[in-house]
Structure formats: structure tokens, C-alpha cells
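Residue numbers (my numbering): 137 to 499.
Hints should not be assumed to be uniformly reliable.
[What the hints assert, rightly or not] When the alpha-carbon atoms are kept at most 25 Å apart in a straight line, the in silico SDA-like pairs for lysine to any residue are as follows:
1) K249 / K369
2) K243 / K325
3) K434 / K325
4) K325 / N270
5) K369 / T417
Read the hints as simulated data drawn from the structure, not as lab findings.
Only a predicted model underlies this, so the values are computations on that prediction, with no experimental measurement involved.
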Amino acid sequence: MGLLKKIFTKRFQSDLYRNFWDWFQKNEKDFHTVIKNKGNIEEAFFNKLAPKLNEVSKDIFYLTGMSNDNTVELIFTAEGVIKNIVFIEELVAAAPKIKGWKFTALKPALDIKNVVINMSGYSFNSENIWFYENGDDEYPDEINISIVHDDLVEDNWQAITNGVYVFLDNYIGELNFATTIDNMKVIRKALANRPLIPIEKLKTYLKWREKEFVEKYDGIRHSSENDQYATLKVALKNGNSLIATMNMDLLEWDGKSSHPWIGEFEIKYKGEYGGGMPDKTVAELLNVIEEKICEDLKDADGYLNVGRQTAESIREIYFACKDFRKPSKVFDKVKRHFDDKFEISYNIYKDKYWRSFNRFKQN
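Start from the sequences, fold in the hints, and give me the full structure.
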């Protein structure tokens, strides 16, 4: 385990950030010139930036332009991909001060007066967008809203919906838009069944709901030490088996909303024993991977190992977490270390009531 502990250090990620900024500083004058002079930004800047960013984390996107006559602003954006947010924040936090440059993590929130989006022949502004809350007694902790646009009809639903998403991304900011709203639908005004609220009040509403949620659940933890587990076996249509080992006490826990972020770590393997199950060697290595994740994601700190599923040469490991930043980093480190042995992917999403685990509940 000594070697593993040495590999999994904070220094690894910080080295990636430093390497990126060292490279950027060597080229920043050329980049600044091409952007300021409105040259071929795609070829001279973006095509060079993209592969270097991929070394930090896959799927980091970016926007650039002049924030004033002499300063280029480079915005790094996750475009709604939760697992990438923490890497963007840390990358920008590690940025050196470079004259003529401004680096921004995630698209910032703007004053409603400055948010006017024109897309596909439609305008999106504070005068023609409204919202209201969809109350649900069964899921009271979820922020569930409907958005109304004055010009929405059946034929332009996709165009209006796209514009609404861009508008909200700019108005409440990328981080808030990606992390605070649980469910949202865009509807025609004729279908609204509650009084419409001006969209300019959405920020205040979200802050109030988030404050209420934090006060209700902050600090709640669950110890899994004495929990009961069950192994579930299901026959698939092709004759193979699906085997899941789940923490049944957690599945019935009434504090689920305190750990609203679900992490799914997926490992595709070869070396089947039969029926899509791993052979002994592979099974042991899969267990090592899970143990490594659990070393860093402890229940006392707000990270619960809910269980795992094995089927069709795929192992899925499930966590419920108090936040999304730490599991993003832990999953990424483990993935990088074992990428030469398995095809690994992971996802993190918000599910306050753990409905994605309902399939494992026993009647």
C-alpha cells in the first residue's frame, strides 16, 4: 500500500496545474496579440489550448474576449458537467498574475439589466421570462420550477428552451445554474397553473431555498459500521446474472437529502469467469479500487458507500455525498491510476431523494 499512498497525493493535481500555467506563460504574448487584433483565434489559440487543458481534465470548455482595451479575459467553463467544476476552480486559483490577462472560473452571474440574449430570432430578457415554484409534498427539499417565456408555442419549444438555458446560465451564473435547481421545465404561458413571478426574483428565491436547505441538513452524518447489507441477484434476458450488494439501512434512511450528490464509478473489465462476472484476479483488483476510493471518501466526512452492482463485465460503485468537489477529485485520481488496466468512467449528479437507487429496494 505504500506505493499506492505515494501515488495518490495532492501534489499530482497541483503539478498538472503548474505545468499548464508554465506552458501558458511561455505563449501568452502570442495569444494576447492574436485575440486583441482579432486574428485567427481558433487556429492560433484554441487549437493549442485544448490539448493542454485535456491534460488537466477532459471536457473543460472556454470563452475569450477583450474585457477592456488591454485585458483579455479567459473564462473556463464546465458547461454543466458537475464533475469538472472543481478542476476549473482549482486551475484558476493556481493561475499566476499575468499582465493583460484575466482568468475566470465558470461563467459569472450578471446583473439582470445586462442579460439580453438574442437567439434563433427570439429575445430573452427580464421582460418576457417568468417562473413559479412547483410544490411537491412528496419531495419538499427539491427546487422544482417552471419557466415561462411569452413567445413560447409548440412549434418553437426547442429554440425557446435553448435560449432560456443560455439566459439563466448568464443571469444566475454557471455554478448556481448547475447546482441549485433540481428540476426545471419550460412551458407555455397558457399551461401555467400558478401565479407568474418575474424572473428577476429568481436569484433571491434560490438563495432563500439554499439557506433553508443548509440549515436543515448541515452536519448530518451516518455511520455505516453496523448497517445491514443485502446481495441481490437478478437473471438478465440473455441468461447472465446481475449481482448487487447494497446497504439496505441507507436505502431506507430518512436523511438522504443531507447527501444529495450521487457518484457513480464504472469499471469495464475483461477476464470474465463466466456470465459477465469477473474472474478471481479481476475481482480482487476491483475490490482494491473500491477500497482505495473508500479510504478517501469516508462516511464520517459525509461520503457514503451505498453499494455496488456487477453485470455484463461492468462493475458500478455507488456513493451518496454531501458535496460534489471531493468525490470528483478522488474519482479522477483513481481513474488515472488504473486507466491502463480498465476502461473507467464516472459521473456525479444531484438526486436529493436517491430515486436512482429505487430499483434496489426490496418490496
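So, going through the hints one by one against the coordinates:
1. Taken as a hint, the K249 and K369 pair is broken in the structure, with Cα atoms around 57 Å apart against an allowance of 25 Å.
2. The suggested pairing of K243 with K325 is violated, with an alpha-carbon distance near 29 Å, which exceeds 25 Å.
3. Between K434 and K325 the alpha-carbon distance is near 47 Å, which puts this suggested pair outside the 25 Å criterion.
4. For the proposed pair K325 and N270, the alpha carbon gap of about 15 Å is at most 25 Å, so the pair holds.
5. Between K369 and T417 the alpha-carbon distance is near 22 Å, which keeps this suggested pair within the 25 Å criterion.
Checked against the numbered hints above, the structure violates hints 1, 2, 3; every other hint is satisfied.
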